[in-house]
Amino acid sequence: MMRSIAIVGAALLASPAAAQDAAPTKEEAAHASRTLGLIVSALNSKEVPTETKQGIFGCLYERSLSTIAQATKQVLDKNPKVDETDATQQLIVLAGVCGAPMPKPAEAATPAADADDDGPPLGEGR
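When the letters of the sequence shown are read in order and numbered with mature numbering (1 follows the signal peptide of the UniProt record, and there is no 0), they come out as residues -19 to -1, 1 to 107.
Relax, there's no trap hidden among the hints.
Derived CB-CB ranges, DEER-like:
#, residue 1, residue 2, range
1, T66, A10, 15 to 21 Å
2, K27, T6, 34 to 40 Å
3, R15, G80, 16 to 22 Å
4, T69, Q35, 17 to 23 Å
These aren't lab readings, by the way, just hints derived from the structure by calculation.
Where a beta carbon is used, it is the ideal one built from N, C-alpha and C, also for glycine.
My request is simple: use the sequences and hints to build the entire structure.
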């Protein structure tokens, strides 16, 4: 677990977000914190497929946490059917935003389809 945290920390320090001048709002910081918590939980979970973990890690490596958090928030705001308290649904949104291979839990299949309707993954026209 500490290794994963160190890896994520190193990726965050290497990202352009570390050099940003503008401080995030309290709401942005809280959402980014929840997003980072979700990412760390997903990377540590035995239930998340390796391909999804690799896609999410690659997304975090290539983009700032603020960019990922803002994109996931936009998807969640546009899809009121997605339960923001359900970690599985949040993971599906995050994987969709990042262009990572989707995990395939049976009960979360519908929100994944809704999340895909909001445009291409980050880096592909956003």
